[in-house]
Structure formats: C-alpha cells, structure tokens
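Protein chains: 2
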Amino acid sequence: MDSHTYPKGPANSVNRYKDRATYDAPTIHSLINSTPVLHVSFVPDPTTPVPAILPMIGKMGLYPPNADLDDGAESCYLHGYVTSRLMKLATTSHSPDGDPGLPVAVAATKVDGLVLSLTPNSHSYNYRSAVLHGVATLVEDVDEKLWAMELITDAVVPERWKNTRVPPDGAEMQSTRILKVRVTGASGKVREGGPNDERKDMKREDVLDSVWTGVVPRWEVLGEPVGSSYNRVEKVPEYLGSFVQEENERREREAKDAAVKQAPQKKSKKTEED
Amino acid sequence: MDSHTYPKGPANSVNRYKDRATYDAPTIHSLINSTPVLHVSFVPDPTTPVPAILPMIGKMGLYPPNADLDDGAESCYLHGYVTSRLMKLATTSHSPDGDPGLPVAVAATKVDGLVLSLTPNSHSYNYRSAVLHGVATLVEDVDEKLWAMELITDAVVPERWKNTRVPPDGAEMQSTRILKVRVTGASGKVREGGPNDERKDMKREDVLDSVWTGVVPRWEVLGEPVGSSYNRVEKVPEYLGSFVQEENERREREAKDAAVKQAPQKKSKKTEED
Numbered sequence: 001m002d003s004h005t006y007p008k009g010p011a012n013s014v015n016r017y018k019d020r021a022t023y024d025a026p027t028i029h030s031l032i033n034s035t036p037v038l039h040v041s042f043v044p045d046p047t048t049p050v051p052a053i054l055p056m057i058g059k060m061g062l063y064p065p066n067a068d069l070d071d072g073a074e075s076c077y078l079h080g081y082v083t084s085r086l087m088k089l090a091t092t093s094h095s096p097d098g099d100p101g102l103p104v105a106v107a108a109t110k111v112d113g114l115v116l117s118l119t120p121n122s123h124s125y126n127y128r129s130a131v132l133h134g135v136a137t138l139v140e141d142v143d144e145k146l147w148a149m150e151l152i153t154d155a156v157v158p159e160r161w162k163n164t165r166v167p168p169d170g171a172e173m174q175s176t177r178i179l180k181v182r183v184t185g186a187s188g189k190v191r192e193g194g195p196n197d198e199r200k201d202m203k204r205e206d207v208l209d210s211v212w213t214g215v216v217p218r219w220e221v222l223g224e225p226v227g228s229s230y231n232r233v234e235k236v237p238e239y240l241g242s243f244v245q246e247e248n249e250r251r252e253r254e255a256k257d258a259a260v261k262q263a264p265q266k267k268s269k270k271t272e273e274d
Numbered sequence: 001m002d003s004h005t006y007p008k009g010p011a012n013s014v015n016r017y018k019d020r021a022t023y024d025a026p027t028i029h030s031l032i033n034s035t036p037v038l039h040v041s042f043v044p045d046p047t048t049p050v051p052a053i054l055p056m057i058g059k060m061g062l063y064p065p066n067a068d069l070d071d072g073a074e075s076c077y078l079h080g081y082v083t084s085r086l087m088k089l090a091t092t093s094h095s096p097d098g099d100p101g102l103p104v105a106v107a108a109t110k111v112d113g114l115v116l117s118l119t120p121n122s123h124s125y126n127y128r129s130a131v132l133h134g135v136a137t138l139v140e141d142v143d144e145k146l147w148a149m150e151l152i153t154d155a156v157v158p159e160r161w162k163n164t165r166v167p168p169d170g171a172e173m174q175s176t177r178i179l180k181v182r183v184t185g186a187s188g189k190v191r192e193g194g195p196n197d198e199r200k201d202m203k204r205e206d207v208l209d210s211v212w213t214g215v216v217p218r219w220e221v222l223g224e225p226v227g228s229s230y231n232r233v234e235k236v237p238e239y240l241g242s243f244v245q246e247e248n249e250r251r252e253r254e255a256k257d258a259a260v261k262q263a264p265q266k267k268s269k270k271t272e273e274d
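These protein sequence lines are chains A and B, in that order.
The opening residue of the first sequence carries number 1 in the UniProt record's numbering; numbering runs sequentially from there.
The opening residue of the second sequence carries number 1 in the UniProt record's numbering; numbering runs sequentially from there.
Some hints could be false.
To be verified - Listed below are the simulated DSSO-like cross-link pairs for lysine-lysine, each with C-alpha atoms no more than 30 Å apart in a straight line:
| # | chain 1 | residue 1 | chain 2 | residue 2 |
| --- | --- | --- | --- | --- |
| 1 | B | LYS261 | A | LYS235 |
| 2 | B | LYS261 | A | LYS162 |
| 3 | B | LYS200 | B | LYS162 |
| 4 | B | LYS256 | B | LYS203 |
| 5 | B | LYS200 | A | LYS162 |
| 6 | B | LYS200 | A | LYS235 |
| 7 | A | LYS88 | B | LYS8 |
| 8 | B | LYS162 | B | LYS235 |
| 9 | A | LYS256 | B | LYS256 |
| 10 | A | LYS162 | A | LYS200 |
| 11 | A | LYS235 | B | LYS203 |
| 12 | A | LYS200 | B | LYS162 |
| 13 | A | LYS200 | A | LYS256 |
| 14 | B | LYS162 | A | LYS261 |
| 15 | A | LYS235 | A | LYS8 |
| 16 | A | LYS203 | A | LYS162 |
Note that these hints are calculated values from the structure, not bench results.
Computed from a prediction, not measured in an experiment: that's the story for all the values here.
Produce the complete structure using the sequences and hints provided.
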C-alpha cells in the first residue's frame, strides 16, 4: 500500500473547507480504485484554453508487479474511449515542464448522502472526492499493457480476468489502448456527518419546529447477476456472487456510517455556504 | 421540455461507437438533471494547456422562469466550490470566439450495469453519459441567482426549497456563487443490453461452457432518512419520503431494464474493444 502524502502545490491545494482536505495517498488511491467511472479532462488544442472531458475506467498501479513502493509511486492506468485524437495527443504532447505526455486531471467522486439542513445555504452532500493531476502517455510495452489490462478488468470484478478467455490475441492487444498517468499531484476531500446549521437559524424555534433536518444516506447497489442469452454457466460463480454481496454490504455500511458521524464544526461567524 | 437536437461539430462529435451516440437535448438534459455530481473541467491558466476538474451540483434551466423554449435554449446552472480562482476566471475570461466567460466542459455519467462477456476485450458497462461544452459566467443578477438557488436545491430533493427557511438573507445571497453555462455543444452516449461477444469466441465450446456471461445491474439507492441531532420534526415529510421511494423504484427499474434490452449489434469484423 502506497503510504505517502502528496505534497501541496498551487495545482492541488484545497482552498475552501481546508479541514475537509486530504493529501493522503491511500485515501485518494482507494477512491480512484473504487469509483466505477473516472472523469478525465485534457486540453485538445494546446493553443486554445478549451477543455474536453471523458468518462474512463481506471486503477492505480505500480509496474512491474513485483516492484516495491520504494521503487516509485503508483500511476493511474486508464482504459476507455481513447479516441484517435486523444491517442495522438498522448504521443505528441508535452507537459509545461517538458516531460512527454498529455497533461490531464482525473476525478473520482462518491456521494454518500444528501445532507438536509434548516436553510438551503447549509445543505450539503456527504461525499468523498479525489483529483489527480498528471501526465498521460500511451502504454506501448506489451507486457505492461497486458498487466494493466488485467489490473483494470479485475478492478471491475475481482478475479474476472482469469475466469475469462485470456490471453488476448494479437488483434485485441493492438486494438486496446491504455493510458498511464504519472501523477504529479493529488488531493481529496471528505465530508461526513449530519447537517450543521448556523447559530442564527438554530435560535429560530419556528424554523426548528417546521423543517426536517438530517441525512438521506446514498449508496450504489449491485443487483442479482442476469445471465446473457448465450450464457451456459447456470450458477453465478463464487467470485462474482461474493463480490456482489460484499460490495453491497460495504457500500451500505459506508453510507450509513457517514450519516451518523459527527458533523464538521462550523466557525462561529460564517459567510460561506456549507 | 427542450426538444431540439444539438448540432454536431468538431468539439462534440462522437467518433467511436457512433451508434451509441445521441445529440438529443431532452436525453442529454435529463442525464445532467438526474446526476448528483457533475464534473466540470476548465483551464486555469490560458497560456498553459493544463486542465482542472471540480465536482459540482447543477441543473438545466431557462431564465426567466416563464420563458418559452422558443425564447432560447436552456443553460446549465452550477453550484459548488466556486473558488476565488474560478470566480475570477469566470469574470475575466473569454471564449475563443471572444464571448465573455470561461470555456468549460461538464460531464454526467451513470453506470447502469457491469457487462461481463467471454473475453476481457468485450467487457463493457451499461451506461448513460453526457458532456456539455460551453462558456461559464457568474450569475450576478439577484433575481436570477435566487431562482437558480431554488432550481438547484430542488434538484437535490424536489420541493425542498419551500420547506426550509427561505429566502436567504443578504449575507447568504452574497456568499453564494452560481455559474451559468451557456451551452455551445453537447453529446451523449447510451449503452444497454447484454454482452456481445465476437464470433471467434462464440464458436469456442470450451469458452462458452466455462465463462459466465451476463450483466450485473447497478443503481443508486437512497436509504431511510436519518434525523439530525437537533431535528424536531419526527415524521419524515411526505415530499421527502415519496421522493426517496419513487427514486429508488425508478433507478432500480432503469438498471434492470437496461440489463435485458437487446445488446448493441457487433459488426462481423471487429478490431475495437467493446
């Protein structure tokens, strides 16, 4: 497990709600790893400050697989709609520091609950969010690509790779494009607990008597697996069934736990919305 | 309901899996409106092609509220961590066309299921995704800001606004920052149905006999509302209770329906991953 802390810099410093910020690599990486869709932004034309954004699947990893984290930091491996435009950018671009690769930002956000307070301005979500900044290159090495394909497949369902028809053939290897993001900075934010209203509203008996306040927990559920029209394996395999069950228990527990944690403390004088 | 179709242009054309693409405004807007967190990307320093990305809450809307869609197109109103950096950019930037405002891309993605096929390369998600391209400005007009605050609050829980302590006072109005994105282009993608394997794998009896294929439906659940430590309204109000129930029914139905729809057709010769 990567146990370092990301340094704060101008690109990743959290300026609002600093008490909710984290630069802890395990927290940030676990968010990236457990979010089914990451949002990846980049600038298609370096002469024009217009961003693009794509949903992709990704996971943190360190190659080669037997590498120690002392040997380097984990990168973010991404798979998805790597358009020919994006592929070209990843092979021809440079970071502002002159490193080869396309500057990207990668975001993962989980909403754990709707936080309903006395007044709209103090409404919030319980959430966990992470943003990575880095430089994306195409994985060209065949061994690393194969390793990353397994990494990302097993991020969707653990052990899925070895329970399918593998290895990919030559055409499949060639058509698959994996982006590797060398992470140059990262930050995360976590908000949990009940609502937190301002003193001016907490003094209002009429408001307290009429407005329901609390948290609606929110989590993702995986349903009973539905076999395809050509599925011949009648029983849902153990690795899949237990994954569905464990994920469902974990996600529900996380959301419900977040709802009853202590709310963030409010400063006595407050001018920003929650 | 906005019934137009977004024109295709270089910024929003979907180049891969064209048959999954949509430019239909109601489809795209409904995805934006039902996604709890939108990811908003922009370029903080116009001289350096490095993107930033922020999670925000948003909803499509046309102001004034009595306007007809013939009077104009809906904009995307965003609320969230509008940092002072972002606020400054929104008030000082210009689009490449010279329009005032910050060029942004706004993404909404829903995962409706994990699509598990015979071989990793044909694995996919059932998903619905939308990306808006546009120009963001700060809402300065007090009436429009108040209207947008209600729009966005009620996007989290319908009717919540009027059931809280409103209107916001002067300090709250001043501290709240709403971004309005004038949409210049948009596109969406939808994938539904079971897995779709390639002919070469569908001929392999050993593979068909050993690999479970199908869809694991996936949806978001809202749990039983949890009252805050200072909540005095014992019964969960009707508008909240029925919202939780209806959302849960709708989301589960959507995910399960997507799992059993017809899978996208595969071309006979295929070199791209699904």
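Taking the hints in turn, this is what the structure says about them:
1. B:LYS261 to A:LYS235: The given pair, whose Cα atoms are some 22 Å apart, holds under the 30 Å limit.
2. B:LYS261 to A:LYS162: Measuring from Cα to Cα gives roughly 28 Å; hence the hint holds.
3. B:LYS200 to B:LYS162: violated (59 Å)
4. B:LYS256 to B:LYS203: holds (28 Å)
5. B:LYS200 to A:LYS162: Distance ~19 Å between LYS200 of chain B and LYS162 of chain A Cα, so the pair holds.
6. B:LYS200 to A:LYS235: holds (24 Å)
7. A:LYS88 to B:LYS8: It holds: about 22 Å lies between the C-alpha atoms, which stays within 30 Å.
8. B:LYS162 to B:LYS235: holds (18 Å)
9. A:LYS256 to B:LYS256: Holds, at roughly 24 Å.
10. A:LYS162 to A:LYS200: With Cα atoms ~59 Å apart, LYS162 of chain A and LYS200 of chain A exceed 30 Å; violated.
11. A:LYS235 to B:LYS203: Answer holds: LYS235 of chain A to LYS203 of chain B is near 22 Å, not above 30 Å.
12. A:LYS200 to B:LYS162: holds (19 Å)
13. A:LYS200 to A:LYS256: holds (29 Å)
14. B:LYS162 to A:LYS261: holds (28 Å)
15. A:LYS235 to A:LYS8: violated (50 Å)
16. A:LYS203 to A:LYS162: Distance of about 61 Å is beyond 30 Å: violated.
Violation of the numbered hints given earlier is confined to hints 3, 10, 15 and 16; the remaining hints are satisfied by the structure.
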